[in-house]
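A.B. asks: Below are the chains, spelled out letter by letter.
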Amino acid sequence: MYTAIEVIMGTLYRAQILLEPDQHKGLGELAKRDGRSISEIVREVVRVYLSDQDQEAQLARELKALEKLDEFRSMIKQQRGSLDDAILEDAREKRDQQLSFLWKDIR
Amino acid sequence: MNVVTDASLIASLFLPLPHSEQSARRIASWKREGLSLCAPTLLLYEISLIFYGAKAAGYIDSGQLHTLPDLLRQIGLEMITPSRTMQEDALRYAELLGQSKTYDAHYLAVAKHKSAQLWTANNQLAAAAKMAGIDWVRFIGDK
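Respectively, the protein sequence lines represent chains A and B.
Residue 18 in the numbering used here is what sits at position 18 of the first sequence, and the numbering runs on without skipping anything.
Residue 76 in the numbering used here is what sits at position 76 of the second sequence, and the numbering runs on without skipping anything.
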């Protein structure tokens, strides 16, 4: 839990956050080891966290879409029965037929 | 990491085709593993033709036909516009596989460009690739 006072500093905002003692100690040690500031590390952590949240939301939307497709497919199967690969072959033939006019006069 | 899918595999998500269940399971599994799906933009034209054919044959109605573009975009399939190199690769693959058309070869070109496997529900394509010594084209019906 934290409170924040935001101050525009160029492209960065100043934010005052409250950390638990262990978190502050750990961050301090990490900063010293890597030669970076605590602010830099916190910004990286926030960036990764936000990106993960975006990816999780995206994944949830995509899995939901796949579920919708399962339902869609089941409905077609119930209404019309299963199909065979002939419908794919038919599409390939139609595709070829549509272009065949290009070379029929050349033959 | 990417996986390239062809129109036959994506069509089997929408229509009850012989390998629909395998396709649906595998795509959900790839998503959970964090793999990204992609295909050449050609897929949009091919899949439209398949859906339109399904409507013409009476398997789906007009309302269902028009829900498909949105559903297709929601599954998170990145469309790749072929570059000059990919087009050249596609021509080479068509020759290598001894194909009379270059459509399938564009999927192989994208897979090569992405260093990815190409998964298909077209057994003939997978068999032709295997015969040509290409081991990264996989048939969805294979275990």
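Simulated from the structure, these hints should not be mistaken for lab results.
It should be emphasised that the depicted structure is a prediction, and the values quoted were computed from it without experimental measurement.
Built from N, CA and C at the ideal position, the CB exists for glycine as well.
It is possible that part of the hints are untrue.
Unchecked claim - Chain B is faced by these chain A residues, among others (derived, beta-carbon under 8 angstroms):
hint	residue
1	LYS25
2	LEU27
3	LEU30
4	LEU63
5	LYS68
6	PHE72
7	SER82
To be verified - Residues from chain A that face chain B, not an exhaustive set, calculated with beta carbons under 8 angstroms:
hint	residue
8	ILE41
9	GLU56
10	LEU59
11	GLU62
12	ARG73
13	ASP84
14	LEU88
15	ALA91
16	LYS94
17	ARG95
A.B. asks: Please list, smallest to largest, the hint numbers that this structure does not respect.
C.D. replies: 1, 2, 3, 8, 9
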